[in-house]
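Undergrad: Dock chain B with the ligand against the given chain A, drawing on the hints supplied.
Protein chains in written order, with our numbering: chain A, 2 to 220; chain B, 56 to 244.
Hint data in this document are derived by calculation from the structure and do not stem from the laboratory. None of the hints are false.
The calculated DSSO-like cross-link candidates involving lysine-lysine, where the alpha carbons are at most 27 Å apart (straight line), are:
| # | chain 1 | residue 1 | chain 2 | residue 2 |
| --- | --- | --- | --- | --- |
| 1 | B | Lys-57 | A | Lys-172 |
| 2 | A | Lys-181 | B | Lys-57 |
| 3 | A | Lys-172 | A | Lys-76 |
Here are some chain A residues the structure puts well away from chain B; computed CB gaps all over 10 Å:
| # | residue |
| --- | --- |
| 4 | Ser-79 |
| 5 | His-87 |
| 6 | Leu-93 |
| 7 | Arg-97 |
| 8 | Pro-141 |
| 9 | Asn-142 |
| 10 | Tyr-143 |
| 11 | Cys-161 |
| 12 | Leu-166 |
Which chain A residues stay away from chain B? Per the calculated CB distances, all over 10 Å, these:
| # | residue |
| --- | --- |
| 13 | Glu-13 |
| 14 | Tyr-71 |
| 15 | Ser-74 |
| 16 | Ser-78 |
| 17 | Arg-95 |
| 18 | Arg-96 |
| 19 | Leu-98 |
| 20 | Thr-164 |
| 21 | Gly-165 |
| 22 | Ala-170 |
Don't be surprised by glycine CBs; every beta carbon is placed ideally from N, CA and C.
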Amino acid sequence: MSQIGLAAQQREREWVEAALAGDEQAFERLVEAYATPVYNLAYRMLGDPAEAEDAAQETFIRVYQRLHTYDPSRKFSSWVLAIASHHCIDRLRRRRLQKVSLEDLPPWEPLVSREVDPEERAVIRDRNARLQALLDRLPPNYRLPLVLHYWYGLSYDEICEITGLSLSALKTRLHRARLKLADLMRTLAPDLIPADDARTSNPRADRARVHSPKAEGKP
Amino acid sequence: MKCDEAVERMALAIDGGVSDQEWDRLQAHIQMCQACAQTWLMLQQVDRVLRTAPVVEPPPDFARRAARAAVEANRRCQNLLGGVVLLIGSTLLALLMAATVILARPDFVLVFFAPGGVVQWQRTVRILFEGALLLGRMVWALVGVWQSVLLGPFFWLLVAMMALAGVAWLALVYMAVRLPQRQVVAVRS
Ligand SMILES: [Zn+2]
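So here's chain A without its partners, still in its complex pose (with noise of 0.2 Å):
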């Protein structure tokens, strides 16, 4: 691990112990350093910005609540990671159990579709949003797992970690999810698809991320 982040955990764990104590602002310093990172997640995860804002709100909210059960021998941010994870699989569920409700509804209730809304259809030129609906498309489970490793580059273990998930079914989630996204991509997007430049060297060197960080040598 860098020294950098070495610097940043120390810094956090004295933010964490004042806020703990007390001082607001100490906390404002975590949620400013989290922002980021959390709305990020919200926002790969429902693929909606304002719900993505909430979401990030209630997250920062229960990292409050909780503060005072954070186990500091853990990295800082797993643990809001994590949170905020769970708080986004709660909430695609309760979205699910709304559509189910949502269809029961008589035929002639206005529905609200998410794919008619012309506003929508023209975020979406956007190359980014373009990727995001696709990734919506995968299942949450699915999903989360991915977020996890390309947007937070953590390791098989991290991941684990705050998803609950075993190695074997993360690898296994990882690899579906991508080859998921692979067809979803060609058929829906191929624009997105880079131009063909098959990798001939082992990426060995420049990314190891199936092993935690901790295992890595030291400089």
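TA: Relative to the frame of chain A, chain B with the ligand by itself:
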């Protein structure tokens, strides 16, 4: 290497999780097998798209708003918790006080069933609740001062001390109510 094994290796190889030896074996299979070459290409494409996907930023003032909302929500939650604890505590205290008096002077109970007992009921209940409420307010003021301590280890020390004080106080009430009866008995004999 068979296709099943090759696909299994690919899943790890994409994250740099195979040795150079395994990598070479995998590449050898991909050279020969059309289906696996196709899968490998798809995996790599997805991998590249995801690795270059941007991190989405929240609105500029989000952090400040979120922090304030969290602090506010926590305060509301603690107030609610305090209110519930206060209500339950006061009721329990009132019941304990009643029980203490009844234990000390069982003959007091007869008053309630005598003619005009309703007035006794009203008076007793009022006294009990006013007493409990007064105590509750005192505790609440204490909690207000000690709010930052509420969830720390001191909180439980505080609870233990208050419980002890409560028991001592009830014992005092018991003896105070009991004492005149004995004196009366002594004088009579
Ligand atoms: Zn093959």
